[in-house]
Every structure is written in structure tokens, then in C-alpha cells.
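Asks: The lines below spell out each chain.
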Amino acid sequence: MSERFASVDAVRVGLRAVDYLADDSIAGVTFLADRLEKPVMIEGPAGTGKTQLAKSVAEMLGARLIRLQCYEGLDEAKALYEWNYKKQLLRIQAEDEGASWDDVQNDIFSDEFLLERPLLEAIRAEDPVVLLIDEVDRVEMETEALLLEILSDYQVSIPELGTLTANQIPLVFLTSNNTRELSEALKRRCLFLHLDYPTMEREKEIVLTKVPDINDHLADQVARIVRSIRTMELKKHPSVSETLDWARTLLILGKNSISEEDANQTLNILLKYQSDIEKVSKDFSTNSAAHFAT
Amino acid sequence: MTDTDQNLPLFELIEGFVVELRSAGLPVSLVENIDAIEAAKEIPLADRDAFKYALAATLVKNQSHWKTFETLFEVYFSIRGAEYLLDPDADNPFGELDLDMDEMEGQGEQPPGQGGQGGSSMTPEEMAEMLFQAMLHSDQTLMRAIAKQAVKRFAGMEPGRPVGGTYYLYRTLRNLDLDGVIDRLMEQAAQQLGKERLEGLDERLARDEFNDRVEAMKKEIEAEIRRRLVADRGAEAMAKTLRKPLPEDVDFMHASREEMAKIKQAIYPLTRKLAVRLARKRKHKRKGALDFRRTVRASLSYGGVPAEPRFRNPHPAKPEIMVIADISGSVAAFARFTLHLVYAISGQFSKVRSFVFIDGLDEVTHFFDKTDDINQAVHRVNTEADVVWVDGHSDYGHAFEVFWDKFGSQITPKTTVLILGDARNNYHASQSWIVKEVEKKARKVFWLNPEPKAYWNTGDSIVGEYAQFTNGLFEVRTLRQLEKFVDNLA
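Here the protein sequences come in this chain order: A and B.
Going by this note's numbering, the first residue of the first sequence is number 1, and it counts up by one from there.
Going by this note's numbering, the first residue of the second sequence is number 1, and it counts up by one from there.
So here's chain B without its partners, still in its complex pose:
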């Protein structure tokens, strides 16, 4: 433990890694940093997977950050540790590759008998066969070897070329024809059972299995590309190019499918928090019935005289929520998220009513109530809700009028109203007096705007006019901002 000489490199190594994690946005506290160093002392770098898990246990306290951590770990430690050095051509990983590339250009086939090592002299057919065998037996070592070969041959990596890893991955995969391999594997599996084609459950299970192996193969290839890129550019530079926003920082408007899935997962804890915040306000105001046990307990301080009566905390009243969401084209991407938020909220609160509008407005509470399947609910909202009045362009003024006429009387002093939209009104009448009236009747009115703040009140956005009557206007483009909004509620 006291051998500082030995610990110094380790200390610096972890320290550097933590800096990378922090610049990727992961919150790593000093304590956690120290823990990581302690952990690294116990589990040496030599056992790489164990080392990774040890660091993760101390540094990553949120599962949604795992992916970011893993990528950074692979980059940062990719060329550290003996067995992970780039094999023979470590000094110049691209030396031989250039040669191979020249041969590859413009040719479907590679003439055999070039390159020094075994793998390079294979014909593409041999290689395809090897790949097939590796996949058939799910042979990890062989897969890794093939990944190395494939990247060397097909990716066309050149030193210093400013292209991302995805491009190389694409080039490699295009040449490997993994779909073809799956088809062959399926045939093989069918033959084993003596059938012409697999059917039903068998087919399904076999396909899942092979897809799984293909994914594993892709991972090997990705890892190989990453190793080469890191060798070329250095870990720090690579970490920078690979930096992606954490799930909580992803902009709803531009989220990819995969990112959206992560956002959805993260919404549920958040709505629960929202529920707690909204309920908490009243908790301290009025006391409940006498708590006999605690009263007697307190009386001991006065020699058994119950001088200080204790009361039970009343159950916090269930808050009522009305969500009014714009689902027009200008916020389409946001609307998708909005509907998920509404769904999540309605799971948390007993009294949630949801409304959607474009230029007309319709209540959609029952779509969310009846079904367990969010996708089905969203589909029904999009197809069945009566939200178009004239032309299907946002008209906040008219939508609010409809809301006020039909539902205005149902707003009570317990109701919290959440309005979600960009307030791009297409120059229609604003009818902002309705928001004012709603605010008078309701407990609170909040406006969440998915547009960047800089665009507010430009063009046909009249969010300022509405916002003056609300209890707060918030920019909500990311989960982090949503969380901040929830935090501010208390």
C-alpha cells in the first residue's frame, strides 16, 4: 500500500480516465475517484474484464451511463495491457495494410500469396468459409482473428485520415456479407434436423441465436477498428471523437431511435419524482389524528405527562394534473416524447387528464387508461383523436377556446396544468386571456417549451404572451432540463 513508486502509474492512469469520463459528462466525485484507485489496487489491470467491472462499480452509478463508460474504457485502455497490443505490426499498424489495400482496389478477388502472415494469404472464399465455421461453432477466438483480418483487408484504414469508425465498420461489413452467413447457418441448421426449411418456433429460435452471434462478430470488428484508430490517433483524441451526449443530454427533437428508447426508460423514475414533488407541498400544512404511541414516547421527557401531543402526518393529497400537449408537425419529434411523458405521468398519478391539440383539441385520457401498450396508445392518439379543426396547422388560440368551453369548468384549485408546446401559432389570435383564466382557477400552470430559448418569440412564436400568465415557462429539450423543472417544483 505504501509503495508509492508502484502506485503512481496506476494513480495517474485512473486519474486520466476519470478526466475523460468527466469530459463525457459523467458525474464522478472525488470519493468515487479514490474508490476507483483503491479498487484498481485490488483487481489488477491484467484481468481486463474484472478490471472493467471494478472500475464500473466505483465510477458508474447510473445504468444509462454504462454504454458511455464502456466505450471510453475500451478506447482508453485499448492499447494498455500486454495482450491487447496490436500484434506483430504494432509499431506501424498500417504498414502492411496499405499493401493489401492496393491489391484490393478495383478487384473483387485478391491474388493469393502476398502478405507475410497466415491470414493475409487467404482467398476471399477461404475467408468466408472460415467466418462461417467461426459463426457455426460460435468460436470466440476464431471470430476475433477473422475480425482482425477483415478490418485489415476491407476497412481501408489509412493513418491520419479523418473518418469516423462507422465508415470503416460499414466498409468491413459490406465485404463480409453477414446476412448471407445467417442464411447459410439457417440452412445448415435445417439440414441437421432433416428438413428443407426451419419453421415456426425452431426457425425463430435459430434466427435469434444466429443474430446474436452476428452481433458478437460485429462487436469484435468494432473493437478491432477502435484499437487501430486509437493506435493511430491516440486515446485522448479518440475519446473526443467518440463523445456522444449522455441520454439525459440528448435533444428530444433530434434523438435517434436508440436514444429515444433510453430516454423512455429514464422517464419513469422522473415522473415518480414529479409525483412526489407535487404531493409534498401539502404534507406539512395540516396534521392528522393523534398518534398515541409517539405521544406516550414523547411524554417520557416530562416524566409520563403527555405534555406534548403528537399527530400523524396526513396522507398527502393526490394531485390532479391536466396535460395539454401540442402534437402538430412543428413539434412532431417532441410530440412523440410528449406522449410518452403523458403516459408515464398517468401511471403515477391517479387523476391525470390528457389533452392533445393541433388546431382543434381532444381529450385522450381514455386512450392511455385502457391500454398497457404505450405504442398502441400513441397510435390511437395519432389516428383517432379529433385534433384537426380547419387545416391542421397549429392554432393555440382556437385549441384553448375549445379547452375552456368544454373542460374549463372542471379545473379546480387542486389542479396543476402542464402545457407542452412551442407556441408557434401561425399568426392566429392568441386568446391568451384563457391561460390567464386557467391560471386563476388552477393551483399552478406551467409551460414547457421544446424550442431552444433563442427562438422564443421570434416569427410566429408567441410563447412570451402566454407565459406572462403562467407560473413558469421552461425550456425542456433534454431529460436533464426536464429533471431540473421537476426539481424546481418543490
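Next up, chain A with everything else stripped away, as it sits in the complex:
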């Protein structure tokens, strides 16, 4: 059993040291992932720090981050391994007349001709690594199957070489934006972590951590306004990274506190759709009148 972390609190403190504010569930699941030797499936809206969590954990552990970015059409040759056929061809051509076929065959299907792709690289690594399989919901249902062997047994079977088992069990994080339902087989193998937008208090803390020069009052206002915006029905809600961008902008503009006018003028940083911007600024300006009328 691996024991990278002493306790749940150790995870929280460690992540804090690399500027990632983990709540109970994040710290708890990360801790469990290590103890149970299970991959973590992180799901949630865009921009809530899913990918960042994997990066921060790697940073905290001083481990190398190996990242597999998923996309439609991803296949074995790009995710697992591939034979370096050009090199194999050269090897065959360079062969003396005398050598037996068996020798050649054994030779060209050896380590030297194997191109490691992220998944294989992760389990063969000697140094500590964290494997990040990003946006796993982008691959087709059928391609998911590629991941199953490595996720449950930490091994890769290569017909010509046999089964390669992990030197060490890496921490594995998968992220999903939930654009489609993932297969049961994949879900069953993972611990599940839903990352939602942070609470107001946590978001304020995030702002304070990531935007060092900001004052407490402004951070508080930023977090509050963002929370209010997230309660509205919008095409896309502001993500944490957009909150940070906004806070930085306000800082650069030299604001110490946000007036209604400031908010309306800088909404385009927080919101990416014109219809959303209009809706929010309308809501902010007519709000008091509406309440007065009722």
C-alpha cells in the first residue's frame, strides 16, 4: 500500500502550500485515491479547477505530470504505445544475409523499437509521476475500453512483448466535462469527485491567494457578485478562472471597491456571451426598482 499522504489534513495543507485551496471532498478523495490505489474521476462544470487539481497534486508531490489530452479519434497508437516502424524497417534493411529470421523478429519487437505514449510512459516511469487523462468524455465510448486495463490493474498488454506491469502505482486523475455519460465500466473503476463552483467563502479565499495584491474588501465583493451571477439562468456561468481574471482587471484599473458602473463595464471579462452580459447588467440595474415595486 502506498502512503504518499499521512492524513486528509496533510493533503489539504500540502495543496494549500502550492496555492490550491482544497475543500473537504477534494482533500478526502485525493487521500483515498492514494490509499485505495484507485484513479479519480473529476467531473464538473468548466473552469472549476479540475485539471489544476492534478497539476497541483503533482507539484505538491514533486512528481512529473504526464498528460494525455483526449479528443475524438484518439487511438491506441497515440494513447498507449506504437512500434517505431521506420526504425524497424531500417533494422531489417541493415541486416546481414546470414542472420536468422527469429533473431530479427526478436530484435525488432523489443524495447528499442517501442514508442511509449503517455499511458505506457506513466506505468513504466521510475520516478514518481501523476497521470492526468484530460477530458475523457471526448473520446468515443469504444475508445474508453483502452483505458480499462491500465486503470484497474496498472498494466498494459502488448501482444509482441507480453504484459508490462507498473513499477509503481501512479496517482491517476481523469477529468470530464460531462458532455456525455461515461461507461459504467470506467466509472466503476474510479473514485468519483464532483467539482462544483466553490462556495462564496472559498472563492474569496481563492481570489486572495491567486491575486496577491488585492485587498480583502474587493475580494469579498468580487466573490459576492460572482455568486449572485451564478444564481441566474445563463448560457455559461463565470468560472473560477474568469473570476480571477476579473479580479485582476479590477486591480489593474485601480479599483478598491466595485460600483454598479464598474461592474457593468467589466462584465465582458466574466461572461463570454453577449446575451448573458445584457441579461446580467439589466438584472443588476433594475433589481432595486423591481423590489421596490413589489
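Hints are computed from structural coordinates only; laboratory data are not their basis.
There could be a bad hint or two in this list.
Said to hold, decoys possible - Distance condition first, Cα-Cα at most 25 Å in a straight line; then the derived DSS-like pairs of lysine-lysine:
(1) A:K187 - B:K244
(2) B:K52 - A:K187
(3) B:K351 - A:K187
With chain A held as given, fit chain B onto it using these hints.
Replies: Below, chain B alone, put in the same frame as chain A:
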């Protein structure tokens, strides 16, 4: 790890909880069950929140199930773990309460100086002040204490009384006047800024903040009521009464607002799946251009002779979809869902055309195309679409005639036609020959019926007559059934 004696109760505890989850409809596999036990060994029950998240990470693999899980967790573990025991009156949680209740009946005020513990001797005014202070400082501990007191005083809980928690919640909240508290908080906030009344952004932010605190207070009260109910009836019985259908099992026709919101969220992954299913059919049929890299790779098996040419997979053709939906009164609740489905589908497929009808029929594709706002689109469909021909009662026959005349020629062998409706035709002519003709021209025709199967072909429902010409008739009342339909497409 090998200390079975110590692990046995834990094992049984988790096992029992998993049984509850399963009976609530959550799919928990054996592996996940074992994982949960392993997780519980690592994170002890003592840290309750951490324990909850640990169990959730292993047992709940779908965010829409979270709410169900959380409720069950609170019920099942509510009286397990020392700090969560019902304080002094744990043996008989209602003993003292009855006393309080007698005093409360018929009286606006409670005479002070009764009950044993501090809180009980407060006047309602004192209590209201305490509540106000707790909310002002967002003081979690004080809020919890008040929730306990409030439930004890106002809820009127009696042992064995077969009333749901909502009733008690209502009674407690009625007496607490949380709206009044918000108003007071708003005044207070205004005074701090030296204004008479908050305005604009300030007002908005303050109100959001206080609403948030009120929600937190309500949660405390709910939790307290739940604890008492569990103490009275036992966790298993409570879990049973609290059992609500999972989002995927909620009947579209009777969905509450909140349930509808969840259903809407779940539709999008489903339509994507539908898109994949419809596109996949042709993927294997014809091969594309030569794939040089893979051909050379394959040639290695033959010593460099490209004996086995490899081809690229062709891009799957984009399916075309025509959705024809009944939006008449008899399926009004379903229609709301239908329109959301249509909207979701049109986001997934490039070529979707949507039609709605009652006794007339109109194309509404452009309503969905132009706007990003589903509510606006639905509103426009409901107000602008020309779907009434004579009297606004469903007439499938006439609606199909209009469809056939105007759009029949645009159906191609690539088109999949989805018809959504209950086929309650008000005894008009069925014109089912049109469905037959459509089926001949189109790739597939499917009929989705929101009525329970038992009602099909009774009264004025003639779904059977239409269905004989379609490639499939499906009962679709819940997300699960919709998903099954999508799965069957392949």
C-alpha cells in the same frame, strides 16, 4: 486490516447503507461496495463530513444521484456517532416536547420559566432576537442551537404520528418568520452604510447573502427534524418514506419544477448519445482513402510487402432528423419536456428540423436556431407558432396532412423521423397512410408516446394504427425510458 472483530460492525454498517441506496434505485456494484468499506477503514466515521465524502466518492458515480445519497446518508447515519446523538433527552426525544406543546397551543406567547434547559425558558422575542443575531453573524453553532429549540417548540412532533417531515418544517418556519428576519437584516446593512435603503448592486448582493444564510438555517431545521424523526421511527422506516424517484425515473408528466430542472440537465448527455448512435450505423459500411502509415505498419508482418492495405474510416455521415411534436393540452406537461428535448437535439445535430402541431402544424426550427435561450425559444413556440387550425384540439390526421403537403417532399433516405405524442386524435380521421408514406421515404420513423402503455388504444387514442407503419413505438415517460430508446437505436 486483519482485525475482523473490529471491522465487522463497520462492514455491516456499510452493507446496510448500500442496501438502502440500492432500494432507492442507485446502482451500486459489488466492487463499489467493497471500495466503500476500504474507504471507511481509511477515514473513520468520527469525522463525519470526510466520511460522507469518502462514501460518496466510492458509491455515487453520477452527480444527479448526489441529493438522494445525501438524504439517505443523513437519515442512516443521523443517530450514529457520538456527537450526533440527540442531546439530553435522547432516550425520549419527545418527553419534554409534549410539555412545551401544551403550553404553546392556542397561545401566541409562551410563559417563561418552564422547561429544564436554558433555551426553553426564552420568550419568543428573545428567541427571535437570538435568531437575528445568529443570522447577522452567520454563526453556525448558534443557528444549530436555535434550530433545535425551534423544532422542539414549534414543530409539534409527536411520537408515532404519521406525518411527513415537510409538515413539521412548515410549522417551524411559519413560527420563525424568516422573511421578517431578512427585512431586518437588510435594514441593518443599510444603516451600516448610513443609508435609508440599499439600492442597486448593494441591495442585490446583500439580499443574496441573507437568502443564503436563511437557506442554511432551513437546512439546520430540516436536519433537526430528520434526526428526531429517525429517533422516533428508525432509520430504515425513514429512508423508506423519504424515498423519491431518481431524476431518471421521474415521470415527465408529473415532474415538479425542481425535478424538471434536473431532467433538463440530464438531457444533454443523452442527446449526444443519440447523435452517436444515429451516426454509427454507417461507419463500418464503406472505407475511406488509403491510410499510408497504417499500411506500412501492417506490411511489417509480411517483411515490408504491403500485402494488406489499410484504409481510413470515413467520417460518419451527419444524420438528418425531423422531430414532429404534439404540444396540445393533453400532453402539455410532456410538451414542455419535448421542447427541451428538441432544443437539445438541435444542438447536437447539424440538420434538425422541428415541427409542432395541435390541429395545425408549423415548422419551428428557426426559433431554436436563432436563440441561445431555451426559455425564449419555448416562449416563442408557444406564442408564435401557427399550430391551431380549427378549435385547438389535437387532430393528428390534419396535422400530418399539412406536414405531408408542405414538407413531405423534403424527406430523404437519410432522414430519421421522430414523432412525439399520445395519438389522442379526438375521433378525427387518422390519415395513417401518411405515416406509411413517410416511413417509405425516410430512413427510420419512431414514435415516442408519453402515455402509460396501459392507456394506449383506449378511448380516442389510436397510437396502434399509426405505430404499425413506424419502425418502433416506445413508451417514454422518464429519462430512463428515453435512454433505453436511445440504446435500442444501435
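Asks: Next step is simple, just say for each hint if it's right about the structure.
Replies: Here is how each hint holds up against the structure:
1. A:K187 - B:K244: 24 Å, holds
2. B:K52 - A:K187: Answer holds: B:K52 to A:K187 is near 19 Å, not above 25 Å.
3. B:K351 - A:K187: Cα-Cα ~32 Å, so violated.
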